[in-house]
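So the sequences go chain by chain: H and E. Residues in the first sequence are numbered from 1 upward in steps of one, following our numbering. Residues in the second sequence are numbered from 1 upward in steps of one, following our numbering.
Hint data in this document are derived by calculation from the structure and do not stem from the laboratory. Certain hints may be false.
No distinction is drawn between identical chains; accordingly, a pair holds when it is met within one copy or between any pair of copies.
Below, simulated BS3-like cross-link-like pairs (lysine-lysine); rule was C-alpha separation at most 27 Å, straight line [unchecked claim]:
id, residue 1, residue 2
1, Lys177, Lys128
2, Lys177, Lys331
3, Lys258, Lys175
4, Lys272, Lys258
Number of protein chains: 2
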Amino acid sequence: MSETVNVTFVADDDVRTAVTVATGSHLLDASREAELEVIATCGGRGRCRSCRTKVLRGAVPPPTIMDEVQLGPDEVHEGFRLSCQTRAIADCEIMLAPPTSEGGHKLLGSEGDITGRTGIDLDSGVVKHLVTAKIPTEEHEQTSDIEEILTAIGGDGPGTMAMDLLRDLPEVLRKEKGTVTVTTFNGTIIDIEPGDTTAHKYGLAFDIGTTSIVGSLVDLNTGEQLAAMGDVNPQAVYGGDLMSRLAFAQFSPQSLRKLRSRVVKAVSDQIKEGCDEAGIDPAHVYKVVVVGNTAMHHIFLGIDPTYVGLAPYSPTMRNAIELPSAELLLKVIPRARVCFLPIVAGFVGADTMGAVLATRIDESDEIRVVVDIGTNGEVVMGRRGKLMACSAPAGPALEGAQIRHGMRGAVGAIEKVEIGDDVTCDVIGNAPPIGICGSGLIDAVAKMLDAGVLHPSGRFHLKDRETLPPKLAMRLIAGGTGKGEFVLARADESGKDEDITLTQVDIRQLQLAKGAIYAGVLMLQRIMEVPDDDIAEVQMAGGFGNYINIESAVRIHLLPALPLEKITYVGNAAALGAQMALVSERERNRANDIAREIEHVSLAARPDFQDIFMEALCFPGDENVELLASAQTG
Amino acid sequence: MSETVNVTFVADDDVRTAVTVATGSHLLDASREAELEVIATCGGRGRCRSCRTKVLRGAVPPPTIMDEVQLGPDEVHEGFRLSCQTRAIADCEIMLAPPTSEGGHKLLGSEGDITGRTGIDLDSGVVKHLVTAKIPTEEHEQTSDIEEILTAIGGDGPGTMAMDLLRDLPEVLRKEKGTVTVTTFNGTIIDIEPGDTTAHKYGLAFDIGTTSIVGSLVDLNTGEQLAAMGDVNPQAVYGGDLMSRLAFAQFSPQSLRKLRSRVVKAVSDQIKEGCDEAGIDPAHVYKVVVVGNTAMHHIFLGIDPTYVGLAPYSPTMRNAIELPSAELLLKVIPRARVCFLPIVAGFVGADTMGAVLATRIDESDEIRVVVDIGTNGEVVMGRRGKLMACSAPAGPALEGAQIRHGMRGAVGAIEKVEIGDDVTCDVIGNAPPIGICGSGLIDAVAKMLDAGVLHPSGRFHLKDRETLPPKLAMRLIAGGTGKGEFVLARADESGKDEDITLTQVDIRQLQLAKGAIYAGVLMLQRIMEVPDDDIAEVQMAGGFGNYINIESAVRIHLLPALPLEKITYVGNAAALGAQMALVSERERNRANDIAREIEHVSLAARPDFQDIFMEALCFPGDENVELLASAQTG
């Protein structure tokens, strides 16, 4: 090892600063030597995220426990590090202050005006009344401050108004000589401010997934989205999949508290981030709509999720609720009311309700299918007046997790794969690839099946190297386990100085994931007696990181083999549904009606599930591919 | 000063232990020398009340600041001291662990069953349902824990049920195989416990006065009072009268917080004390009814009381409210809903509403008057369909405060005075007198007027000593100011080694107090055009410490000169009204109707108030006494 190494820092404006430091120096010290300003709020002790960097090229030591705690396994996996924890041991390129979101997890059509996109009326339930209330001046008047305000807004009673508003009211009322802005939510006063603040009325929608948390900040005066936030669910350090996280929660009351405080912190951080980005005061956030699967819903509310994870997977509550933000420890938005969409049953949770709202399957005259793919995949099938739903434990593979080189749909993720004589990868941000996201994984496997790199059984056969085109043959390697591994990007092309591959284990993970979801579709088709031909449309939803290739999804039998024009990808429909309920009380109320209508099918309780699941696990064989081809042209 | 002193400790079972210690030793050390167990939780640093004692006889040094802070001025005044702060400087007798309540502040007829005393039905709104809810077991059931409980109790929705109940629900429901006791308050679930707890259903009523706080613990299954609590309002260290306390509150937000936390702590302490005494779990307290004047009401709720103290004395809110105990920081009763009776206007507050409920003046066919005497005196006059009320700033003299030897109605307080050739005092507890309570003060002044010791003008004339019987003449002394002072008990008879006297300043304090209240009565009589003869009854209420002598109250013109049979003393009617609203929702709802009916008269805004007040200040002259005598016999 040489005594010095060269560290090149890349700022977000692409300005590069190189510095030579003693081998083993911390990156934070190196950045200071380079006279770069890196904030280290905790003083460089690994107690915060402020000195977060990303390793673009070059080897660094394995992550420390502080990296894992502050950044979470997914970010660490993608090359993020705390600069105070990371020593320079070889020449490297380090991105300073990398963006926290990297443009991943954006919703399909998430820009601009939600009401315009969805065709619903702006009706958030939040109303700001600018009034000049009479300040009591006459001794004989039998009145009080709050009565004068109620008279001014035409209200008929203080209702369940929060005490903290009354506490400051005497001063607030008199500050601008009685001119106040009174904010109500469905008629209940939730804020009283001196002067005119009617221009400021904001809301938030969150989809709390097992793997990812996405949020959006919306101007409730216009329906416009002001900021989109997204990050991994930091609970992941206590278990990537839902069941291991529930097992952790059962371990002790402290465990539940840890899970809860992580998600609360993540949501609070996103709120701060969004408000900062949009330049608004979090005190002007008045309504929050939250969706999430049943376990995430219970954990966020602090409800013991033990029995959600044990047969018969019964939730503690299913009804829609509305709470003051303080009840959820979201101190950052003191005035807000937080609304949760209802739960149908078991794991068919508030996120599914969001997807149903967004896709309007309940208003369809023909049979449609909504497949919402997350760590659990939910399938809703039916039409107006007859809806059934089930939840399938897909695991996080389709979100890019638990795959050796899997990652979120962020800069550096392979999102699309072409295989001809050789492999061509499209990478998010046109950066050197550092991993593969969910949509890339589906595409890669479909193309590998087509190219004969992967057998319909889901196995690599190393002897295929004899028949494959030479460049593909060179990519099919034995790998560490000797079971075969396909190189999508070679070390010299990648941003990681190592091959980006798909392993046999990765393929099995994908099969389990897609098989669970496809089994859910097949099960509902069987129970509802719906042959493929009767399905008018399949709407695929989920946060894969990027737009999914529908042909590839059909090719691997994640979805039934319908003509492609019958299948659409609708993005993160759960999050979109949350946004709709945010801007429209009519939509939020609609969710309650629909939740009562949907019939829940518990897959685990069906004796025929195992058979269907085994069938669903497979990739289509040659004969099936032909069948598919004829279906697509028919 | 001798080198040693003798300290005699008196235990509550009257066992006496004497010890000789070095002069200047702390009483705590002396008690240890005597091998007595005195608890000093804070280690003898004056930071707690655990080593509280009472000086029965003998001189001790002036109280330290720690004595003042821990015990408050009233207790210090009555001879209470922290033994860790008090040095033995002369032979003395010290009561160990003196009772905290001493039987003072008991309500008239406060023992036993409230419903029996008041003739109202037990209808607290708190219902305990013992049910066995179905634990979801079948996979296809679309249900949740809370829905099963609602089905079992026949409820139709979780309403505004608190989240914390849902948080523990999965475990609670399964602990006794679905057998749970569900507690509702007006239909809303406020508690769910495993097993059968229907026997335990309690409530509390509090009257938070400027000078005193009294509470009672009631069994809501029977209406029986289980404990009565009472103590001085510890806010008094920030000002004895209301206006100085409001001035303190305006000083800074911290001041309001100090006032609030003192009253919250006092109430919490009384709750603990009552529950300990009755041997019940505070978690089984489900309903609390609070009354208090407008300022105390606002401060307890944490509402800025600034404008309550400034003309036009407008409250921030007047409506009845109901809050979870956590909102009031009453952590000791986690399940309780706290209900405040409504406010009429200005200082005619929730306490007056309590008095109106208890006296049922709103149901009278004839004109009646309720005079509720506290630091502020409220007068309500009228009959069914026509009620008027006003509030008069009496100050605390009638509660025994701000009188040189004034004290609460506790052991050692002179409660009754006879004057013939000499003075005879009745003392609460038949103890050596250490002071005089409100009822004693009224009685003493009335008898002093009769005996000619005091002139109708309210002045002592030292030259009267020439005409008074010799023993009385000897009691009329010049005193420190030379303005005259009347000795009720001589040093050698008293428990304080000093004369218990009434000073000229004391008499003036009494005149201001009784004058304010009497002016309120006269003002309402004038506005409503009610001559004395039209008044069917005067009901005098208040916490004077002990039963008041009505004849004496009339004699000093605290009340109009009506035939004595038309005047009754009804005890602490505000507190009784709170108890009625506690055991009966019908009564609590009645208060809302009445509050809207009562017309408020602002004394300060009446141009004729000063004249009436001057008239009311005086004691009846000779001619008036004759008039009074004829009225009483007529």
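Cross-check of the supplied hints:
Within a single copy, lysine 177 and lysine 128 get their C-alpha atoms as close as 18 Å, which meets the 27 Å cut-off; across copies the closest is 49 Å, which misses it. Taking the closest pair of Cα atoms, lysine 177 and lysine 331 never come within 27 Å of each other, the shortest separation being 30 Å inside a single copy and 38 Å across copies. Taking the shortest alpha-carbon separations for lysine 258 and lysine 175, only the inter-copy value of 24 Å comes in at or below 27 Å, while the best intra-copy value is 42 Å. Proximity of lysine 272 to lysine 258 under the C-alpha cut-off of 27 Å is restricted to the intra-copy arrangement: shortest distance 21 Å within a copy versus 33 Å between copies.
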